[in-house]
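Novice: The chain contents come next:
There are 4 protein chains.
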Amino acid sequence: MLIVMHHWAADKEIEKVKRAISAMGLKPVAIPGAERTAIGVIGNQGWVDDAPLRGIKGILEIIHVTRPYKLVSRDFHPSDTVVRLGGQVKIGGRSPFLVIAGPCAIETGEQILKTAQFIGKLGVPVLRGGAYKPRTSPHSFQGLREKGVNLLSEVKKTTGILVVTEVMSPEHVEMVAEKVDIIQVGARNMQNFDLLKEVGKIKKPVILKRGLSATVEEWLASAEYILLEGNPDVVLCERGIRTFETATRNTADLSVVPLVKALSHLPVIFDPSHATGKRELVSHMALASVVVGAHGVMIEVHPDPEHALSDGPQSLHFKGFERLLKRIRAMEGFMKTLKEET
Amino acid sequence: MLIVMHHWAADKEIEKVKRAISAMGLKPVAIPGAERTAIGVIGNQGWVDDAPLRGIKGILEIIHVTRPYKLVSRDFHPSDTVVRLGGQVKIGGRSPFLVIAGPCAIETGEQILKTAQFIGKLGVPVLRGGAYKPRTSPHSFQGLREKGVNLLSEVKKTTGILVVTEVMSPEHVEMVAEKVDIIQVGARNMQNFDLLKEVGKIKKPVILKRGLSATVEEWLASAEYILLEGNPDVVLCERGIRTFETATRNTADLSVVPLVKALSHLPVIFDPSHATGKRELVSHMALASVVVGAHGVMIEVHPDPEHALSDGPQSLHFKGFERLLKRIRAMEGFMKTLKEET
Amino acid sequence: MLIVMHHWAADKEIEKVKRAISAMGLKPVAIPGAERTAIGVIGNQGWVDDAPLRGIKGILEIIHVTRPYKLVSRDFHPSDTVVRLGGQVKIGGRSPFLVIAGPCAIETGEQILKTAQFIGKLGVPVLRGGAYKPRTSPHSFQGLREKGVNLLSEVKKTTGILVVTEVMSPEHVEMVAEKVDIIQVGARNMQNFDLLKEVGKIKKPVILKRGLSATVEEWLASAEYILLEGNPDVVLCERGIRTFETATRNTADLSVVPLVKALSHLPVIFDPSHATGKRELVSHMALASVVVGAHGVMIEVHPDPEHALSDGPQSLHFKGFERLLKRIRAMEGFMKTLKEET
Amino acid sequence: MLIVMHHWAADKEIEKVKRAISAMGLKPVAIPGAERTAIGVIGNQGWVDDAPLRGIKGILEIIHVTRPYKLVSRDFHPSDTVVRLGGQVKIGGRSPFLVIAGPCAIETGEQILKTAQFIGKLGVPVLRGGAYKPRTSPHSFQGLREKGVNLLSEVKKTTGILVVTEVMSPEHVEMVAEKVDIIQVGARNMQNFDLLKEVGKIKKPVILKRGLSATVEEWLASAEYILLEGNPDVVLCERGIRTFETATRNTADLSVVPLVKALSHLPVIFDPSHATGKRELVSHMALASVVVGAHGVMIEVHPDPEHALSDGPQSLHFKGFERLLKRIRAMEGFMKTLKEET
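Residue numbers (this note's numbering), protein chains in the order written: chain A, -7 to 334; chain B, -7 to 334; chain C, -7 to 334; chain D, -7 to 334.
The hints are simulated quantities; they were obtained by calculation from the structure and are not laboratory data. Quick caveat: nothing in here was measured; it's all calculated off a predicted structure. Take these hints with a grain of salt, some might be off.
Where chains are identical, the list cannot tell them apart; a pair therefore holds if satisfied intra-copy or between any two copies.
[As the list claims (entries may be wrong)] Below 27 angstroms or equal to it, Euclidean Cα-Cα: the simulated BS3-like pairs (lysine-lysine) are:
| no. | residue 1 | residue 2 |
| --- | --- | --- |
| 1 | K49 | K311 |
| 2 | K10 | K195 |
| 3 | K189 | K318 |
| 4 | K311 | K4 |
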């Protein structure tokens, strides 16, 4: 931690800061400069809460050198985390590129079964389907809720496919975790800290989406909540952020994938459907995510996107999905060769 | 609703859109243009879910003319809502400008009592204090949780002051609502829809903060969730949004206050503490909020900001708060004169 | 300057950084921590270009403690700058709150003369009017250009009012500066550095608008360009920034006014017309800008906003402007009393 | 164009809007709805300036269906534009993926010659190098300016490589265009309209970078300025936008590449160096840009990035660049196969 003092800070204010640091059990080191003094802090083993310092007169800025997370950091866990999702399916490290697919929302038993059978036949190991739907307007379709979870659970039994669904409330976590293989925490709930703590207590893997306006640092700090409660099986999912640009639903920064992989040992996947909001862009970005090193993708596919109850315009048709899947597999193979050769 | 077709859209695609609109029980009106055709939709009584349309080939854009909210809209409820907070204290319409004050977090019984007595003596009718604290890092102070709610409840009994605190989980709503006068939904939970539904079922007023990256439309749609469940007593609270600028904690657009007052009948207050994150800016913005027509402010004040466990730098000292309060009262009086005279 | 090293940085990399700092004529001070080492830099008299350091292996982050500007900083020029605009009209320090008003674009001689006479009669000392208009589309009205400057110059002669207009190209600076009293650099040109250098060479005051996505730091660094060329008469103008919110034209953060006044000695004014883009919000925000300590406002007013060639919806009618002006004067008087009393 | 009226708009206001539309030579079509009336406009052949309408009482919103550009739109020019850069080198359509490389700034004759020879040997046809450097602080290195242009011109003669450099002022356009093959308009000047008009008059290709906070629509409207002056040879260059995220220099949305290719016939390239600001992310994103269909990349490479005078941390070493180039060529080949097969 570095405390930068104002130009006009007096000696007694600098002394006050030093004493406060000492009182925290840490060691202050003054760095006098031509314009102003800065005070370095030595001796902390991790994140320091700067509350006792903030507000002391004469302080211009407090700069944290240590990050607000530790368990998720690659600094303390250099090797990749590999998360076992169920059966032989794994993600992270050198596991095969994982494809998760399915409709935005579970609408009927038939719709979800049809999708599961179709993607299962293609070798896609995980089905997504929303039961609890976060919708801007209360006048929009809210999802089938518990009934949707049960439909997913039945499809899982019938087809053997792994299933993932979003949970929005701490109270639903236990029930849903019993019925599905993977729990998803959505973008709007990335800082629903009680929910994070709750999914930290279960024994199922968790997909943690990045919040609409969350920095990478905040996203990793949210993952830290889950690991700190005892659940190490977190998969990070980039899905675009909110910016001034409205031509796409969100702004999808793929450079975040290699960036996060450098900062953390957790697997990182990409959601091109929410990131772009436009079917015609999904395939481009899904393919690109293989290239930047994502461990997988989560794609919206629907038997009849024109009549989907939510997110139709960003859902692929079966035919388009099948074509994309072939391309993803080809790209995965190509990238392996590329790494060996160059 | 207006459906704008692509330049290249064929007649049969335009027909398909028209048929889909008719199938929704609505009436399509074609508006042919030189470059492209648009199709207007007539006959809807409120928000239309565009799911059956989205994804039809040839559609360039779907433009909603109707808003995703109705109950909160001034269109359907022209007169101001006045929310009774407890005792004689009201907010909204022509009620006096309301000041809510208190520490970011409840730390000790002494701290919160001292603050309650101080602001109560000054005539401030509502005390704020966080028990459940949303913190980026799990390594930061998380609040006293239920114990904090109980401390607040005791202070309420001792001093007779009204109290408000934030709730983060649906499961805590009932318990907390029994012990405090007003429930707050924080910025990070503005789209925690299960929480919104839960606070929609209680008989206590709710302060709904604007989300970090929520549009005004999304904010009002979130309020609609609460009203739709039966609770009409919602107070909107602007607290700044997240932008590229990091010189202040958030970017505080005061023009949102008159804008929202034109769109909705609900009372609107302003939180200058979170909006700026800097003590030296709080007073300026609090005073300005009176001028733009806010119905009140929520200000962080702490007996000893230098040792606050959270948000110390944006908390006012008692002395600074007392001075600000005098200025607010004077400004309130001045604005009344100004309106009469000009 | 502080150089933060990666967790894994080896001793020889730390030594390399130290040597590079020494080679720059500065002194390195190592601050070893539990997780990583940081290196403080002592001895610089101002902004240090970090080019020789950036890119050295093992560096995690370079943190500048010194700002990229010096001449505009209050640290080096504690007292307020007062800019003389012409005649007895001054801005900054304790000068009266300055109102600048006029149409977005100069359209006809009659339109601009009528406006000048109207505002002049009300005691407004400065007329604004755009001759060179930055427009998103080349198919929109581009301004009368040199002809517009001449119309402005004539109005100046006829009425004696001071005039300000925007310049978009370095080559026009000299000619325009001869004909008007104040030069404006628009938001889109805040980082048109050749233009900044050119207006730095003239003897006329310059209004420098904040860029659409410029940080406060970048804005002040742009002002530094002008001062460095020898022109000390810069007036900063906040006009809202671009964010995800589209309900207003821009997002107008008034807290920037007191913030910038603390960082710099230059006068700061506010443009509520561009900041909001909506006539019905302009008055609210103009009045609030008096309260937060702005030195003036620049307001769009038009004899016939319904037929304005640009920015009609944000322009006030004469009647509305007259009413606002009265309120501004009343508020100015009230704020003086308030400061004396509290 | 669609004019949406307020809920409370009276018949006479609706009539006023209709008359105004007729006065513009266009035809109004009323679309009465349950909540409000909307008025469609028919008959326009292109972008309509809405000035005569904006500001009429009762109007809630004016929605443009036609875009603020026409010449750059694929609607009016369905086939891809292929720009001839010099010699046999072309970009756009099915031309080979183009690599442009070189240092951020020209520093010495030796540095730029060495780079030209190195990349030339690898088959890279275009060298970039900044002579006029837009820098936030006037205290940073400003580029060699005319001397830099001359160094570039000499290297061109010596090696035969094509050269591109940025121009910041209209007055430099002619001189620079005589000495180099391609002119670049930088992100900070994307809305420097006088500059756009000037480069529209020359006979050399122009690379137009997207502005830091420019929407795709504004970017295309800026290209329209150039085409409208008579220069059809514009290459668009995405280089990341400014958002709340500071972990990367900018936020690089690759989905913009296929999006813009659908909207416009102009070639689109990608600048991974400025988009990310971090050397270790450049290769990932450059490779991904091939996959999403970019027509080329512009990459910063420097003989000695550790001692670069600007942008060192985002510049590749020669060795790293050579490796990336091999990968790009391999990816280009692979994508061709992929398209044929699937």
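Novice: Pop the pair K189 and K318 into one bin, within, between, both or neither, using alpha-carbon distances up to 27 angstroms.
Specialist: Intra 38 angstroms, inter 43 angstroms, cutoff 27 angstroms: neither.
Novice: At 27 angstroms max between alpha carbons, let me know whether K10 reaches K195 within a copy, between copies, both or neither.
Specialist: neither (45 angstroms within a copy, 48 angstroms between copies)
Novice: For K49 and K311, with the copy left unspecified, which applies at a CA distance of at most 27 angstroms: within, between, both, or neither?
Specialist: between (65 angstroms within a copy, 15 angstroms between copies)
Novice: How would you classify K311 and K4 at a CA-CA limit of 27 angstroms: within, between, both, or neither?
Specialist: between (72 angstroms within a copy, 22 angstroms between copies)
Hints 2, 3, counting from the list given before, are not met by this structure.
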